[in-house]
Amino acid sequence: RKEVEQDPGPFNVPEGATVAFNCTYSNSASQSFFWYRQDCRKEPKLLMSVYSSGNEDGRFTAQLNRASQYISLLIRDSKLSDSATYLCVVNISPMRFGAGTRLTVKP
Amino acid sequence: DAGITQSPRYKITETGRQVTLMCHQTWSHSYMFWYRQDLGHGLRLIYYSAAADITDKGEVPDGYVVSRSKTENFPLTLESATRSQTSVYFCASQGQGVGDEQFFGPGTRLTVL
Numbered sequence: 002r003k004e005v006e007q008d009p010g011p012f013n014v015p016e017g018a019t020v021a022f023n024c025t026y027s028n029s030a031s032q033s034f035f036w037y038r039q040d041c042r043k044e045p046k047l048l049m050s051v052y053s054s055g056n057e058d059g060r061f062t063a064q065l066n067r068a069s070q071y072i073s074l075l076i077r078d079s080k081l082s083d084s085a086t087y088l089c090v091v092n093i094s095p096m097r098f099g100a101g102t103r104l105t106v107k108p
Numbered sequence: 011d012a013g014i015t016q017s018p019r020y021k022i023t024e025t026g027r028q029v030t031l032m033c034h035q036t037w038s039h040s041y042m043f044w045y046r047q048d049l050g051h052g053l054r055l056i057y058y059s060a061a062a063d064i065t066d067k068g069e070v071p072d073g074y075v076v077s078r079s080k081t082e083n084f085p086l087t088l089e090s091a092t093r094s095q096t097s098v099y100f101c102a103s104q105g106q107g108v109g110d111e112q113f114f115g116p117g118t119r120l121t122v123l
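Protein chains in written order, with this note's numbering: chain E, 2 to 108; chain V, 11 to 123.
In isolation and in its complexed conformation, chain V is listed as follows (with noise of 0.2 Å):
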């Protein structure tokens, strides 16, 4: 189906493991990206990626790491979970133009107790 998948939609991990979270577009869009959302807060930037091979840090990249080997997929890994990851995972895919929206995968849910 068209559009932008994230897997798994739920996940409950411990503190220390490591976790992969995944995402992908059927676009063929340029800009992919990541953000965490905490209970009641806004949307925080993690990482993003110009197109594939290109990633850059948002606001908050400490503890994650992301590849994007083909444009299609935009893993990000937590190398060693925290409580504090505790959060809603949204990826998030975008064309080039200026104008362009951004378009949501329906989040991850992941707890780390």
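With the rest of the complex left out, here is chain E (with noise of 0.2 Å):
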């Protein structure tokens, strides 16, 4: 089973939609987590951390289910630049990074 586990879509949603993304972690050790966003032939660039109680930035947010060892990122009112590919990241030293989840929000 792989440390961290991610639907890899692709997610083709129209502009102004909202979409989920899942992910589910083993190790239960695991001690912070967060999402990246990665644009294509491009560095992964960090788009927030997740905490437990549960984080909003913006038209983004982000939850995290220790007992259940699962994160999801939330996006709503999707725009044509959150075209990219999601990571979801867990910090079990070193950190692990998803396959990820590639997105594509069309006109």
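These are computed hints drawn from the structure, not numbers from a lab. Honestly, I wouldn't trust all of these hints.
Said to hold, decoys possible - Stretch by stretch, here's where chain V covers chain E in the computed footprint (C-beta under 8 Å, at least three residues):
#1 13-25
#2 28-35
#3 57-69
To be verified - When the alpha-carbon atoms are kept at most 27 Å apart in a straight line, the in silico BS3-like pairs for lysine-lysine are as follows:
#4 K43/E with K21/V
#5 K3/E with K80/V
#6 K67/V with K46/E
#7 K80/E with K21/V
#8 K80/V with K21/V
#9 K46/E with K3/E
#10 K46/E with K80/V
#11 K43/E with K67/V
#12 K67/V with K21/V
Stated by the list, open to error - Pair ranges (Cβ atoms, derived):
#13 M32/V with K43/E: 16 to 24 Å
#14 S27/E with T92/V: 40 to 48 Å
#15 V75/V with K43/E: 20 to 28 Å
#16 T25/V with R77/E: 29 to 37 Å
#17 R60/E with S90/V: 19 to 27 Å
#18 P116/V with S54/E: 45 to 53 Å
Everything numeric in this text was worked out from a predicted model, so none of it was measured. Beta carbons: idealized from backbone N, C-alpha and C, even for Gly.
Combine both chains into one complex, guided by the hints.
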């Protein structure tokens, strides 16, 4: 079983749609959690950290369920510029990156 | 300039040649990492380092050598390049805190003919 598993997609959604990505991790000792964004042929960049109580940053909401070892990312009111690959990341020193979920937002 | 840089950005080499990819960070981060990313696939960890003179193997270390004599530099050497090592190589650095994010360099696109 992979340490971090994500649905690879691709997710193709129209502008304005709400889309949710899920991620599961296998190591209960994981200490911190993140979502990264990677644009085509570019380096990954931090989108947001994920906190136990859940957190929101504008149109993006991240949730963590430690009991189920599950992380989610919700994107509301999708924009064309949200098209990218979203990586779920779990820190069990060193960080473990999921393979990513590809999102395409269409006009 | 502050940040994390990689050189060269693009490299074409031939099978059997030795190639060194450079990585430099200006934050004095303790941790540094090397990943490879093949077209259409996820990141795979090659080697990482927790501090100067401390290195550990990642998921795919075979065919690669690293060193870390200074905190700010973490070169990756392909001792005898093979076509299967054609990939994009990303270097990253991270502070010591559990919640610290990893910062990535812009990547080196390596082609082995």
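Hint by hint, here is what the structure shows:
| no. | hint | result |
| --- | --- | --- |
| 1 | 13-25 | violated (count 0) |
| 2 | 28-35 | holds (count 3) |
| 3 | 57-69 | violated (count 0) |
| 4 | K43/E with K21/V | holds (16 Å) |
| 5 | K3/E with K80/V | violated (33 Å) |
| 6 | K67/V with K46/E | holds (23 Å) |
| 7 | K80/E with K21/V | violated (35 Å) |
| 8 | K80/V with K21/V | holds (24 Å) |
| 9 | K46/E with K3/E | holds (22 Å) |
| 10 | K46/E with K80/V | holds (25 Å) |
| 11 | K43/E with K67/V | holds (24 Å) |
| 12 | K67/V with K21/V | holds (24 Å) |
| 13 | M32/V with K43/E: 16 to 24 Å | holds (19 Å) |
| 14 | S27/E with T92/V: 40 to 48 Å | violated (31 Å) |
| 15 | V75/V with K43/E: 20 to 28 Å | holds (27 Å) |
| 16 | T25/V with R77/E: 29 to 37 Å | violated (49 Å) |
| 17 | R60/E with S90/V: 19 to 27 Å | violated (48 Å) |
| 18 | P116/V with S54/E: 45 to 53 Å | violated (34 Å) |
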